[in-house]
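Okay, here's what each chain looks like letter by letter:
There are 2 protein chains.
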Amino acid sequence: MRIGIDVGGTGIQVGLVNNDLQIISEASIPTRTDMDFEEQVRQIAACVLSVISSAGIDPDAVESVGVGIPGIASDSGEIIKCTNMGWHHVLFREVFNRYYNKPVFVDNDANVAALAESVAGVSAGTSSSVFITIGTGIGSGIIIDGKIWKGCHGIGGELGHVIFDLDGVPCSCGNHGCLERYCSATAIIRMGREAVKIHPDSLLLRLADNNPSNINAKIVFDAARQEDPVAVEVYHRFIGYLAQAVASVVNLIDPEVIVIGGGVSKAGTFLLKPLIREFPRYVLFDDQPLPEIKLAVLGSEAGIIGAAMLS
Amino acid sequence: MRIGIDVGGTGIQVGLVNNDLQIISEASIPTRTDMDFEEQVRQIAACVLSVISSAGIDPDAVESVGVGIPGIASDSGEIIKCTNMGWHHVLFREVFNRYYNKPVFVDNDANVAALAESVAGVSAGTSSSVFITIGTGIGSGIIIDGKIWKGCHGIGGELGHVIFDLDGVPCSCGNHGCLERYCSATAIIRMGREAVKIHPDSLLLRLADNNPSNINAKIVFDAARQEDPVAVEVYHRFIGYLAQAVASVVNLIDPEVIVIGGGVSKAGTFLLKPLIREFPRYVLFDDQPLPEIKLAVLGSEAGIIGAAMLS
Chain A
168 MRIGIDVGGT GIQVGLVNND LQIISEASIP TRTDMDFEEQ VRQIAACVLS
218 VISSAGIDPD AVESVGVGIP GIASDSGEII KCTNMGWHHV LFREVFNRYY
268 NKPVFVDNDA NVAALAESVA GVSAGTSSSV FITIGTGIGS GIIIDGKIWK
318 GCHGIGGELG HVIFDLDGVP CSCGNHGCLE RYCSATAIIR MGREAVKIHP
368 DSLLLRLADN NPSNINAKIV FDAARQEDPV AVEVYHRFIG YLAQAVASVV
418 NLIDPEVIVI GGGVSKAGTF LLKPLIREFP RYVLFDDQPL PEIKLAVLGS
468 EAGIIGAAML S
Chain B
168 MRIGIDVGGT GIQVGLVNND LQIISEASIP TRTDMDFEEQ VRQIAACVLS
218 VISSAGIDPD AVESVGVGIP GIASDSGEII KCTNMGWHHV LFREVFNRYY
268 NKPVFVDNDA NVAALAESVA GVSAGTSSSV FITIGTGIGS GIIIDGKIWK
318 GCHGIGGELG HVIFDLDGVP CSCGNHGCLE RYCSATAIIR MGREAVKIHP
368 DSLLLRLADN NPSNINAKIV FDAARQEDPV AVEVYHRFIG YLAQAVASVV
418 NLIDPEVIVI GGGVSKAGTF LLKPLIREFP RYVLFDDQPL PEIKLAVLGS
468 EAGIIGAAML S
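Those protein sequences? They're chains A and B, same order as listed.
Under the working numbering, read the first sequence as residues 168 to 478, first letter to last.
Under the working numbering, read the second sequence as residues 168 to 478, first letter to last.
Just so you know, not all the hints are guaranteed correct.
Pairs involving identical chains hold if they fit within one copy or between any two copies, as the list cannot separate such chains.
[To be verified] In silico lysine to aspartate or glutamate, EDC-like type, Cα no more than 20 Å apart, as pairs:
# : residue 1 : residue 2
1 : K248      : D454
2 : K314      : E423
3 : K314      : D227
4 : K433      : E261
5 : K433      : D453
6 : K248      : D453
7 : K440      : D227
8 : K269      : D227
9 : K364      : E206
Quick caveat, the hints were computed from the structure, so don't treat them as lab data.
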């Protein structure tokens, strides 16, 4: 029995996970960036204790507490940097242990989701995998020999900020041409908006109520499914970029499985099928057995289950 | 006591390596791509036995035989693909064992060099490192938890073929914009030749005897040291590209050390100092402790020592 905590921008999900990796009790509290760190941790700990209590479990029977954060953390349970929460070099384990004295582990949320899929999800049973979550940005987590590889200094696993297009599109990180500028929902939206400027008569723009700022990834995919040529062109460009990103992961890391998650993965086989067809042409040894590409299956549960599995 | 074999395009080096990781006896034979595989292996085995004999060692006292090849191999000692040698799906271990029956391990030469540096070279004592060899192309090897990570299907560790510039310079692999098109000696030469077309009055062209096809990486670096503005511009561009490549490795893998080897690394601190200064600006978490960047120290011995360490 373990506790998993998923710290997100709007809410903090807490779950009690049994040894079959099922969530048997859960609750959430709102994320309060206006609140100081120690008070927020006190509320998280109260939520943890209430989740345990409502499951009718003895708090002593819980083995450990794991936390996934949109940031980086050290092995000692210090949160080094979690910009969205305003947390920098804060001692999560130490403060949390004032309220509930258990081993506490903290890691990046994409690493946590990668671990969840590799123990209880689509990559269960594999020893190596790379999880790529495609949303506003690109998150990623690397599993090698069944363990999260977050790098020697805890700053690895950031596929979204690998250089993908020299001197390319400016990125929020300050660089140019980062991979996430081409392979995220944000990229689909940018390409869609650019396309309707040139083609104001497209179905894509009509589906967006003739307002380019309404265009999102789902609308682009919907218009492409309806064979709108403007949306189909954006869709093909995006698949081409993602295929090159996936092939780059194969050429460098070559995991057993590459798992695609995040909001954009909801496009399902409409995303997966062309991706599986296209990525091998960018792989150096494309005549060899290649990693399988699969869609994530755990969805929002990944954050709690993966966090609970941290050790 | 182990045997290490370094298979190269012009010669095959064989060395006997003692438990202090020193080469105590060595010899070489020419690479004969005109010869069939079985005959070439027979000659390699004969060279191995003569190296052992000339060291006055009992052949039974040798623990294992390791081979580094410019290609990929399976854990079972099969060479899957070694294009330069014309070897495809050949059973190296099986044929070699006809002449000398010892455990045989085969791996990619960049992986072997990475292992050599991590046990007996500049990254000795570290548990994770990435070795980048900069020559005609870019080779690389990843060490995680003290072991070569060559991927689940043996096709990883190919940093040179990660997409670095979408739709960029055509690569010999058939793709466009591969990293090695920007970070290799070949890239320096290309940029140098392009630059002297525009600046035929440059020192760079004079050092090449006024013939652009004489330009090589060393001449570009020599002209840059002498502050030829044309060569300095090429040199800065190259350092900028390499800094982005190194930062991409940090963002994704974050090893303890990144080791730079290969012909271009002979530029020494003239390459290393600006690289160390520039790469952090492309690292996402650049305010954290970062990997050390170091020059390889083993040189041509890496191939034999690393191969001997395979297991």
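Do the hints match the structure? See the list:
no.: 1; hint: K248 x D454; in the structure: between (42 Å within a copy, 10 Å between copies)
no.: 2; hint: K314 x E423; in the structure: both (14 Å within a copy, 17 Å between copies)
no.: 3; hint: K314 x D227; in the structure: neither (26 Å within a copy, 39 Å between copies)
no.: 4; hint: K433 x E261; in the structure: neither (38 Å within a copy, 49 Å between copies)
no.: 5; hint: K433 x D453; in the structure: neither (28 Å within a copy, 33 Å between copies)
no.: 6; hint: K248 x D453; in the structure: between (39 Å within a copy, 12 Å between copies)
no.: 7; hint: K440 x D227; in the structure: neither (47 Å within a copy, 54 Å between copies)
no.: 8; hint: K269 x D227; in the structure: within (9 Å within a copy, 54 Å between copies)
no.: 9; hint: K364 x E206; in the structure: neither (48 Å within a copy, 66 Å between copies)
The structure does not agree with the numbered hints 3, 4, 5, 7 and 9 stated previously, though it agrees with the rest.
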